[in-house]
Amino acid sequence: MAAEQVLPAPKPLNQAPWFAPVRNIVILLVLWEVAGRFHLVADGALPSLTAIVERFWADRADYPAHVWSTLVSSALGFAIGNIVAVAAGILFVLSPLAARLFRGFNVTIFAVPTIAIAPILALTMTGISPRVTLAAMGCYFVTMTATVVGLTQIDLRSADLVRAYGGGKWDVMRFVQLRSALPIILAGLQVAAPNAVLGAILAEFGGGGRWGLGIYLLGSLGRADPPRLWSIGLVATAIAGIAYFIFGLISARVTGASKAVTMTTSLPPAGARTGGQWPSLAVAFGSIAVPLVLWWAFIKLLGVPEMIGKTPWGVIEYLFFLPLSQQAQTRLLDAMGQTLPITIVGTFAGLAAAFALSVSSRLVPNFTRALMPVALFSQTMPLIATIPLFVLLLGRGWLVTLIITISVTFFPAFITLAQGMKMTPRAALDLPKAYGAGAWTELKLVGIPAALPYLFAAARLTVPRALLGVMIAEWLATGKGLGNLLNQSRGYLDYGMIWTVAAASVVLSVALYQIVVLVERRVLANMGMRGSE
Amino acid sequence: MAGAGGIRLSNVSKAFVARGKTIEALRDVSLTCEPGSFTALLGPSGCGKSTILRLALGLEHADGGRVEIGGQTSEKATASGLTGVAFQDSALLPWRNVEDNISLPLDILKRDRREYSAKIAELIQLVGLKGFEKSLPGELSGGMRQRVAIARSLVTEPGVLFLDEPFGALDQILRRQMNIELQRIWTETRCTALLVTHGIDEAVFLADRVAVMRSRPGRVASMIEIPFSRPRSPDLFSDPVFHKLCDGIAEVLHGG
Numbered sequence: 001m002a003a004e005q006v007l008p009a010p011k012p013l014n015q016a017p018w019f020a021p022v023r024n025i026v027i028l029l030v031l032w033e034v035a036g037r038f039h040l041v042a043d044g045a046l047p048s049l050t051a052i053v054e055r056f057w058a059d060r061a062d063y064p065a066h067v068w069s070t071l072v073s074s075a076l077g078f079a080i081g082n083i084v085a086v087a088a089g090i091l092f093v094l095s096p097l098a099a100r101l102f103r104g105f106n107v108t109i110f111a112v113p114t115i116a117i118a119p120i121l122a123l124t125m126t127g128i129s130p131r132v133t134l135a136a137m138g139c140y141f142v143t144m145t146a147t148v149v150g151l152t153q154i155d156l157r158s159a160d161l162v163r164a165y166g167g168g169k170w171d172v173m174r175f176v177q178l179r180s181a182l183p184i185i186l187a188g189l190q191v192a193a194p195n196a197v198l199g200a201i202l203a204e205f206g207g208g209g210r211w212g213l214g215i216y217l218l219g220s221l222g223r224a225d226p227p228r229l230w231s232i233g234l235v236a237t238a239i240a241g242i243a244y245f246i247f248g249l250i251s252a253r254v255t256g257a258s259k260a261v262t263m264t265t266s267l268p269p270a271g272a273r274t275g276g277q278w279p280s281l282a283v284a285f286g287s288i289a290v291p292l293v294l295w296w297a298f299i300k301l302l303g304v305p306e307m308i309g310k311t312p313w314g315v316i317e318y319l320f321f322l323p324l325s326q327q328a329q330t331r332l333l334d335a336m337g338q339t340l341p342i343t344i345v346g347t348f349a350g351l352a353a354a355f356a357l358s359v360s361s362r363l364v365p366n367f368t369r370a371l372m373p374v375a376l377f378s379q380t381m382p383l384i385a386t387i388p389l390f391v392l393l394l395g396r397g398w399l400v401t402l403i404i405t406i407s408v409t410f411f412p413a414f415i416t417l418a419q420g421m422k423m424t425p426r427a428a429l430d431l432p433k434a435y436g437a438g439a440w441t442e443l444k445l446v447g448i449p450a451a452l453p454y455l456f457a458a459a460r461l462t463v464p465r466a467l468l469g470v471m472i473a474e475w476l477a478t479g480k481g482l483g484n485l486l487n488q489s490r491g492y493l494d495y496g497m498i499w500t501v502a503a504a505s506v507v508l509s510v511a512l513y514q515i516v517v518l519v520e521r522r523v524l525a526n527m528g529m530r531g532s533e
Numbered sequence: 001m002a003g004a005g006g007i008r009l010s011n012v013s014k015a016f017v018a019r020g021k022t023i024e025a026l027r028d029v030s031l032t033c034e035p036g037s038f039t040a041l042l043g044p045s046g047c048g049k050s051t052i053l054r055l056a057l058g059l060e061h062a063d064g065g066r067v068e069i070g071g072q073t074s075e076k077a078t079a080s081g082l083t084g085v086a087f088q089d090s091a092l093l094p095w096r097n098v099e100d101n102i103s104l105p106l107d108i109l110k111r112d113r114r115e116y117s118a119k120i121a122e123l124i125q126l127v128g129l130k131g132f133e134k135s136l137p138g139e140l141s142g143g144m145r146q147r148v149a150i151a152r153s154l155v156t157e158p159g160v161l162f163l164d165e166p167f168g169a170l171d172q173i174l175r176r177q178m179n180i181e182l183q184r185i186w187t188e189t190r191c192t193a194l195l196v197t198h199g200i201d202e203a204v205f206l207a208d209r210v211a212v213m214r215s216r217p218g219r220v221a222s223m224i225e226i227p228f229s230r231p232r233s234p235d236l237f238s239d240p241v242f243h244k245l246c247d248g249i250a251e252v253l254h255g256g
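Top line first, the protein sequences correspond to chains A and B.
Each residue of the first sequence is one higher than the one before, counting from 1 in full-length UniProt numbering.
Each residue of the second sequence is one higher than the one before, counting from 1 in full-length UniProt numbering.
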C-alpha cells in the first residue's frame, strides 16, 4: 500500500482493470443485504436484496404487461423525438437565424419540468400519445444539442477542402459534417434512451390508464410493501440501463472506425455574426414568441374544448381577470414560496458538493475513481422510480425533498465537472508543481479556475432537474408546493390551475436557467473564458 | 489535364478584424504565375502567404484588387475543377479509405468516379501507396497520409495546383524525400504550382521563382529567380551554389 502512495499511476500488474469496480460493487451489495436483513435503515424501508428478488419472483406474472406497455411508448417516443431532434439540429447549423429564433423553444423544452405537463398532455391527448410525447420530449434536447455540437465541432481543414473544390454548405454537410457528427449523435442517443423511459413513466403517473410501470408503481405506493417498490424501481432502472448500454455499444463501434487519426480539437471561431439583417431585439422577441405560438397552435390543432385546454391568454385571464383570480394568485404564490427555496438550497448544496469533490479529485483520485461508476449508474435510473424509494427511506417531510434535490443535482454535476476537468491540459496542471507549489496553490491557480466553465455547465444542466425533483417529491410525498398544487387541481378538475401551475413552473425553470446563463457570461467574460453553450 | 492556367493577383488587399483590432494581412499584393510555372511563397508566420492561397481558392474574399485563376474568378475556377489543393495537414476524412479520400474532390465536383479509376490507381502508384488502397487514415503513418493528400490534390488533373505547407508537419528527413517526390510528380503533370512554405531549401529546390514575403502589412518584398535546370537531383541539396542562394534569401527574409 505504501508503494502505491509513492507511485500512484501504475497498478499491480496482475490486477485486471475491472477488478476494483467489481470489488466495490460486491462490497456494496453485501452491505445492502446485511442492512436489509437486520432492518438497519429506516426501520426496514430498505429491504434486503434477497427480499426484493423474492418479491419480484412472486409478482412475476404482473410484469410483462406493464413492462411492454412502457417499452412501446418509450420506444415510439425515442424514435420520434430523435428524428425531430436530428432534423432540428441540422436546421440550426445550416441556418443560424433559425437557431436563434428557436432558442426560447429549445430552452423551454430543456427546462420544462415534465411532471408539470404530464397532466396537461393527459387532458388534451388520448391513448398512449401523452406517454409518447413526454418520451419524445425527454430525447429532443439531448439529441438536438449533440447534433449541433457534432456538426459544428468538425475538422475545419476538411471543410476548407470541400469548399476549395467549390463545394457549398450542403456539400460540407454531406461529405464532412454528418459523418463526423455521428459518434457524438450516438452518444446523445445513449443519454436520451433513459430519458425516454423516464418520460414515458412520468406520463403514466400523470395520465392514468391500466398498464405501464408508472401505473404499477403508483398503485403499489399506497401499500406498505417496500420490496415491491424496490423491485419495480430496479426493473425500470434495468430497462433504462440496457437502452443506455446498447447505444453505448453501437457508439463504440462507430467511433472505433473513425478515430485514431488527427482531428483538430479547436472550436470553430465564434464571431459576432449570423442573421445580420435581423435586429437582435426582433430575434429575441421571436424567440420568446415561438414557444407561445406553438402552445396556442397545439390547443387549436387538437381542437381541445376551451374549458379544458387553456391558451396562453386563457392562463393570463384565469390568473388576473376572473372573479376568483385573487384566490388563484394566492394559492400559486404560496406554492411557489414553498417550492422555490428548497429548489435553490438543494441545487446549491448538490453543486457545491460536486464542485468540491471534482476539484479535489487530484488530491484523492482513488475516491473519485470509485465514485464515477456509481455516478454514471445513477444517471440511468429513472428519477421517478427512485423517488418513492427515497420517500420510504426518509419519510414525507422537507428532508426528503432536500435530499432528492441534492441527489438529482449532485451526480450529473459531478459527471459534467469530472469529464470537463479531464480536458484541462496536463501541462497547465503540472506547471505550478514544477515551481514547487503545494496542492492547495495548484488548485487555487489552475484547478478551480479551469473547472469554472464546467461548474456553470453543470448548473445549467441541473437547475431544471432540481425543480423537477422537488415537484415530483411534492406530488408524491410531501403535500406541499407546486407539485402538490398540480396534483390537487387534477383532483378538483380545476383546469385553469393545472395550466397555470404548468406554465408557472416552466417560466420558473426557464428563469432560473437564464439567471445561470447570465451569471456565467458575466463571470467567464471577466476571466477571458468562453462558456460551453 | 485541364490545361495549365495562370494565377494572377492584382493589387490585392485583405484585412482581418480580431478582438476589435484590424490586422492588415495583405496590402496591395500583385503576383503573376505563368502557366506551367512553379512559384514558391516564402515568409515568416503571419505574413499572409496562406491568405494569398485562401483568396486564390475562394475560401476568403479580397477587400480590394482582383484574383484570377486561368482568367476566371476563383469561385468559377474551383467549381470547374481547374484547381487542386493540399493543405499543411492532410485533412483526410477518417472514415474514408485511401481510395475514397483521393476520390473526394470527384465526389464534390459530381464527377463519375468510375471514369477515374485508372487515374486513381496511377496516382496511388505514383505516391508509392500501392497495397494501401483500402487502408483507413488511422492505419497510415504521417508521411503516408500526406502522400494521400498529394494524390488527392492531383486526382482532378488540375491545371493549377496549390500547396499550403504540405510537408510542414513532417520531420526533416521525410520532408526532403517528399520534396524529391513532389518534383518528380510535378515534372510529369506540368501544372501551374503555387507552394506556400517557410522552408527556404524546400522553396529553392522546388520552385522556378521564390516570392519572399514580409509581414505587417503582408506584402511581397522581393522575387528571386532560381537558375537551376530541371530535373533537379537530390545532390543539389549539398551544392555550394544552392547554399549560397539559400543564404541570400535568408538575408532578404531577416532584414536587408
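Mixed in with the good hints there might be a few duds.
If you want the footprint, here are the derived chain B segments under chain A, 3+ residues with CB under 8 Å [unchecked claim]:
(1) 61-67
(2) 178-187
(3) 217-231
Derived lysine to any residue pairs resembling SDA-like cross-links, with alpha carbons at most 20 Å apart [as the list claims (entries may be wrong)]:
(4) LYS110(B) with PHE367(A)
(5) LYS169(A) with LYS119(B)
(6) LYS422(A) with LEU402(A)
(7) LYS422(A) with PHE367(A)
(8) LYS21(B) with GLY46(B)
(9) LYS119(B) with ASP100(B)
(10) LYS21(B) with MET173(A)
(11) LYS76(B) with ARG163(A)
(12) LYS169(A) with GLY168(B)
(13) LYS119(B) with GLU157(B)
Bear in mind the hints are in silico, worked out from the structure with no lab data behind them.
Every residue gets a Cβ at the ideal spot worked out from N, C-alpha and C, and that includes glycine.
Comparing the hints with the structure gives:
Coverage of the stretch 61-67 of chain B by chain A is violated in this model, with 0 residues showing a Cβ closer than 8 Å to a Cβ of that chain against a need of three. Proximity of the stretch 178-187 of chain B to chain A, defined as three or more residues with a beta carbon under 8 Å from a beta carbon of that chain, is not established by the 0 residues found. With a threshold of 8 Å between beta carbons, the proposed coverage of the stretch 217-231 of chain B by chain A is violated, since 0 of its residues qualify and at least three are required. Taking the CA atoms of LYS110(B) and PHE367(A), the gap is near 56 Å; set against the 20 Å cutoff, the hint is violated.
A hinted pair counts as satisfied when its Cα atoms are at most 20 Å apart, and LYS169(A) with LYS119(B) does not qualify at roughly 28 Å. In summary, the hint linking LYS422(A) to LEU402(A) is not supported, as the alpha carbons are separated by about 30 Å, beyond the 20 Å threshold. A threshold of 20 Å between alpha carbons decides the hint, and for LYS422(A) with PHE367(A) the separation of about 16 Å falls inside it, so the pair holds. Restraint check for LYS21(B) and GLY46(B): the C-alpha separation of about 15 Å stays at or below 20 Å, so the hint holds.
For the given pair, LYS119(B) sits about 13 Å from ASP100(B) by alpha-carbon distance, which is consistent with the 20 Å threshold. With a C-alpha separation of about 32 Å, the suggested pair LYS21(B) and MET173(A) falls outside the 20 Å cut-off, and the hint is violated. As the CA atoms of LYS76(B) and ARG163(A) are separated by approximately 12 Å, the hinted pair is consistent with the 20 Å bound. Taking the CA atoms of LYS169(A) and GLY168(B), the gap is about 29 Å. The hint is violated against a cut of 20 Å.
For the hint pairing LYS119(B) with GLU157(B), the CA-to-CA distance comes to about 9 Å; that is within 20 Å, so the pair holds.
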